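Asker: Fit chain B to the given chain A structure using the hints.
Protein sequences appear in the order of chains A and B. Our numbering applies: residue 1 is where the first sequence begins, and numbers increase by one. Our numbering applies: residue 330 is where the second sequence begins, and numbers increase by one.
Read the hints as simulated data drawn from the structure, not as lab findings. Note that the structure is predicted; figures quoted are calculated from it, not measured. Heads up, a few of these hints could be off.
Claimed, not checked - Partner residues aside, some chain B positions facing chain A, computed with beta carbon under 10 Å:
# : residue
1 : A797
2 : A1020
3 : A1065
4 : R1070
5 : E1075
6 : R1076
Stated by the list, open to error - Computed footprint of chain B on chain A; a stretch qualifies when at least three of its residues, placed anywhere within it, have a C-beta under 8 Å from a C-beta of chain B:
# : region
7 : 29–40
8 : 101–115
Unchecked claim - FRET-style restraints, in silico, Cβ to Cβ:
#  : chain 1 : residue 1 : chain 2 : residue 2 : range
9  : B       : A1100     : A       : A315      : 27 to 37 Å
10 : B       : D641      : A       : P233      : 34 to 44 Å
11 : A       : V240      : B       : A1101     : 37 to 47 Å
12 : B       : A1012     : A       : P150      : 48 to 58 Å
13 : A       : E312      : B       : R1052     : 48 to 58 Å
14 : B       : A1100     : A       : Q82       : 55 to 65 Å
15 : B       : A1012     : A       : A315      : 51 to 61 Å
16 : A       : G16       : B       : A1012     : 23 to 33 Å
Each residue gets a CB set at the ideal place from its N, CA and C atoms; glycine is no exception.
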Amino acid sequence: MTAEAYGAPDAEALVGRFAQLFGALAGNIERVIRGKRENVELAMLCLLSEGHLLLEDVPGVGKTTLARAIAASVDAQWTRIQFTPDLLPSDVTGVSIFNQATSKFEFHPGPIFANIVVADEINRGSPKTQSALLEVMEERRVSVDGRPQPVPRPFMVIATQNPVDMDGTYPLPEAQLDRFLMKISMGYPDHTSEVAVLTGMPSGPAVDHLPKVAGRDDVKNMIDFASRIHVAPPLYDYLVHIVAATRQHPDIRLGASPRASLALLRAVRVRAAAAGRSYVVPEDIKALAPHVIAHRLMLTPEAELRGRTAAELVAEVLGRVPVPQAAGV
Amino acid sequence: MTTPDDAPPPQAPGPPPAPEPAAAPPADDRSKGEAPPDPGPYGPGPGTAHGSAGNGPERPAAKTPPVRRAPAPRPVSAVRLGLALVVTAALAAAAGLGFQRVFALRDIGPVVAVAAVVPVLLSALVSWPRRRSWPLWIAILLTVGGWTLVTGLVLFHGDFGVIGGSLRDSWKAILTTLMPAPGRPELLVLPQALTWFAAATGAETVLRSRTKALPALPSVTVFGVALLLGVGGPGSNLPVAAALVGLAAVLVVVRGDGRAGRAPVGVAAAVALGLVAVFAGPLLPVAGTPYDPRQSVEAPPPEQRDSVSPLDRVSAWLQTPDQQMFTVHTTAPENWRLAVLDRFDGVTWTSGGNFVAAGNRIPAPEHVTRHRSSTRVDQRFTIQNLPGVWVPAADRPTTITGLGVTVDPGSGVLTTVQPLRTGQTYAVRSAARDYDADELADAEPARDPEALAATSLPESPGTTAANAQVPAFHKLAEQITAGQSTGFLRAAKLADYLRATDKYDVSGLPGHTYAQLQYFLTRSKRGTSEQFATAYAVLARSLGLPTRVVVGFRPGVGGDGEFQVRSGDVLVWPEVDFTGLGWVPFYPTPEQQGRSQKSGSVPAGDTQQKLEQAQKNAAAKNKGNGGSTQPKQPTPPPATKKTPHKATPWWMYASAAAPLIPIVYLVAVLVLPMLRRRRRRSAATPAERIAGAWEQTVETLNAVGLPRATSLTAHEVAGFGGRTVAGTESHLRPLADLVNRAEYAERPPDPAAAEAAWRHTDQIGRLVARAASPLRRAGRRLHPRRLRAR
Chain A
1 MTAEAYGAPD AEALVGRFAQ LFGALAGNIE RVIRGKRENV ELAMLCLLSE
51 GHLLLEDVPG VGKTTLARAI AASVDAQWTR IQFTPDLLPS DVTGVSIFNQ
101 ATSKFEFHPG PIFANIVVAD EINRGSPKTQ SALLEVMEER RVSVDGRPQP
151 VPRPFMVIAT QNPVDMDGTY PLPEAQLDRF LMKISMGYPD HTSEVAVLTG
201 MPSGPAVDHL PKVAGRDDVK NMIDFASRIH VAPPLYDYLV HIVAATRQHP
251 DIRLGASPRA SLALLRAVRV RAAAAGRSYV VPEDIKALAP HVIAHRLMLT
301 PEAELRGRTA AELVAEVLGR VPVPQAAGV
Chain B
330 MTTPDDAPPP QAPGPPPAPE PAAAPPADDR SKGEAPPDPG PYGPGPGTAH
380 GSAGNGPERP AAKTPPVRRA PAPRPVSAVR LGLALVVTAA LAAAAGLGFQ
430 RVFALRDIGP VVAVAAVVPV LLSALVSWPR RRSWPLWIAI LLTVGGWTLV
480 TGLVLFHGDF GVIGGSLRDS WKAILTTLMP APGRPELLVL PQALTWFAAA
530 TGAETVLRSR TKALPALPSV TVFGVALLLG VGGPGSNLPV AAALVGLAAV
580 LVVVRGDGRA GRAPVGVAAA VALGLVAVFA GPLLPVAGTP YDPRQSVEAP
630 PPEQRDSVSP LDRVSAWLQT PDQQMFTVHT TAPENWRLAV LDRFDGVTWT
680 SGGNFVAAGN RIPAPEHVTR HRSSTRVDQR FTIQNLPGVW VPAADRPTTI
730 TGLGVTVDPG SGVLTTVQPL RTGQTYAVRS AARDYDADEL ADAEPARDPE
780 ALAATSLPES PGTTAANAQV PAFHKLAEQI TAGQSTGFLR AAKLADYLRA
830 TDKYDVSGLP GHTYAQLQYF LTRSKRGTSE QFATAYAVLA RSLGLPTRVV
880 VGFRPGVGGD GEFQVRSGDV LVWPEVDFTG LGWVPFYPTP EQQGRSQKSG
930 SVPAGDTQQK LEQAQKNAAA KNKGNGGSTQ PKQPTPPPAT KKTPHKATPW
980 WMYASAAAPL IPIVYLVAVL VLPMLRRRRR RSAATPAERI AGAWEQTVET
1030 LNAVGLPRAT SLTAHEVAGF GGRTVAGTES HLRPLADLVN RAEYAERPPD
1080 PAAAEAAWRH TDQIGRLVAR AASPLRRAGR RLHPRRLRAR
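With the rest of the complex left out, here is chain A (with noise of 0.2 Å):
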């Protein structure tokens, strides 16, 4: 798949070949992860919507192996950043060393500079080297004594933290969380699955020898011709209805933003792409505004006491908005 290929005119032709290089893809990784397709599938999304990845689940349930399976799938470079209490930003984003024999500040690139970086439970990691993600998950670039340093592209920042083990840690910020397109928990496979596992350990697939199936360019070029996926303007309607109702409902204390309404959009388009599709529909929406929305928003403490999940509440503003007609009922 070629530049060229992709900025042909007739887009709907190849969809195609869209869909069938990310079914390539999931199904490259999902050897190594089994059973856990849809889950594959939404990194893959991330991925191509030049999204990031928050990974909550607890340890041993394949969240570095996803990442590293992803990376080896797109041929692509990845690091892995442990994050711990005495973590610095410098240790993520790189540091300017003065070299003697040029007598010039050299800046030596941190972990953050790969394709897809692992922060292995940021929640443990001191707000202030949390928020030193801030600025390259967003801007896809690190400022080291006043001057940019980009990253590379594909650029994605798959973050684990554990659920379980809150003691020491620092729950991540709004801002921080706004910044991650999805989260989603990976979850214990099912017995078969799990069994597969087991069977296949001797001698099975290791991340470390799974077939690349794209190049970089590949992606990139992937990534560019699912931002050109046509979306109906009644649907731009239904999505930033979905986002209003966020705000609106009685049980949510801060809503979605609008830079959810544009990851959700990002998002959908990927997803109509590998779907063979060459436009969105309701159900693109549908299916992802949970994972897209619901980590960003903030519950009462009276729906919290209450037991209610800020997914269920997406569920409840979807069971509401009306899908545009005709399709729809």
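Answerer: Chain B alone, transformed into the frame defined by chain A:
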């Protein structure tokens, strides 16, 4: 085209039904004495009688049981048949002439003649050469086609497009038009169609049956309709009814089995029967007044007759008095009435007349016809510069020719639909009333609802109790009329007061609001007839006298029956409604000093002069009786002037409509979904057709419990359908994809996609129908939800 519920049920599995036996039934079965079918008036056709037909083996004659067959009816002779057809045409013509109370005879006659003769000829010509009747549907087709052709060519002069609409609206137009209705095609089409119907059905009955009187039934029915529509019209239908009776009797004679030689006797007897009907008809006891359907039909709402009230033009006309408005040739100079304004809202006077289309004749209300004497006035108007839609004429017009008008039956005011044009001419015949001083002297104000409405005197908008103006008028009116015993005397006193106290002055302050009238009455005391008349009306209404304001013109300049009316001749005068007398004009406007001499204008019409004299005499007579010293005891509440409108009780409508409700519902619930489906399937663009297919599918799924939530996507609906009705998901999913593509894709769908969508919809409909029991299917088909689209 089938709706999903209309889908044919699947073929029931099982053995195929046994084939019909090819052989004819045994001879025994055929010979059980059944009478042969009625061969019709032309006698038995070839191969249908005498038992020679049949595929069974013939049996020896000796073994056949002796069967006594009924003798075949004799064929009707051509002469009798022809005569019967002629009588049928005459019957239809007579029935059509029943409309002569609705239309003038010269209008309805030719139409009825054609409508009575042509369908009979058509039926006869089609059937005669073959000596047997065509199938009924062909006859119906020919009749309808012939009617459309003849109506389009003869009545509408080739404009076939308006026939349907005219026929649909004609009954209402007739019921809301004053009789005799004008002979316009859109009104004549109803009697024409009914007559045609009577003639065609009568002729077909003659040709297809041997009944004697049945062919007369359609004509009698049509005559009944004519009677109903003609209630209250001029003339009588008694001769027509007698003719109908006579012709029906002739038909029975002609269709009878008697010998031809006796026919003249029978015809003579029929004619005698008709004559008896003529003389016996009026003697029959009639209970009450006939039901008039016009009382049950709401007249069209009053239209805004003119953008500018003629009362508001008065001041401008008087400022430029030499503008030539119209000329009139008349047998007597009269005041030419233009508009009657009977509603006052505190600021403006408007007309509350119900204007209905009228022919040449303008019927008079009861109190006018009851009045003993009147003078006939013939006028011929030629319009020059008179603006607006109000048509000048002397009160009270009885006929008008040369101009299509609408008329307010209450006041007799004429208007046109289009504004008057220069050069238009028309002739009016009026009956100018003669007044009797004795009647006037004892007259008391009317108290019927119409009159009470004419006593309304609301305050100006925004007026509060503190600055109310009406009480001041009431006080002044009480002072003026103190000591006057009868309503008429109070009315006359008011006019005298204004004439004596105030002066005519064209330069006076124009307008007729309370404030302007207050200024006119108390300060300036100068004004035109606009102020005099409206001040009179306000004062009179404050006393409870029903009063209205009339705008018109004086007779104009000229003589010898020819008058030029100019804008300066405009005159406004009030009229007061008295019990038994109706609206009586008063003229409170004093004559302008030297105006008549200066302009050569005739100061007042004949009727005005006579009326003023009668009013003076009445006042003098009353004064002579000492009536002014002792107020007369109030008379008992006078009888209402008009026969009160007897509204048909609601329960009669309800009980008449009740049996119709289930029928209407059944038709609607079965037909509306079919029409909706057809509209959806034949939409203009493929995208609309796909959307229509989806709507149809959703309606189908609603019947199996699909919630009416608006937040379901197409695939969610498809999921529901798949879970609810087995086998539908394989159609619903592709259909949902097609709908999504049509709705949200950049490229519009092609016709093939629309076809595919409807194929899926049809399949879904069949599957949903198949999944339900016949009872449930019927229940769904009759469910009220099918009445409305989603």
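Asker: Which earlier hints turn out false for this structure, listed by number in ascending order?
Answerer: When the structure is compared with the hints, numbers 1, 7, 8, 10, 13, 15 turn out to be violated.
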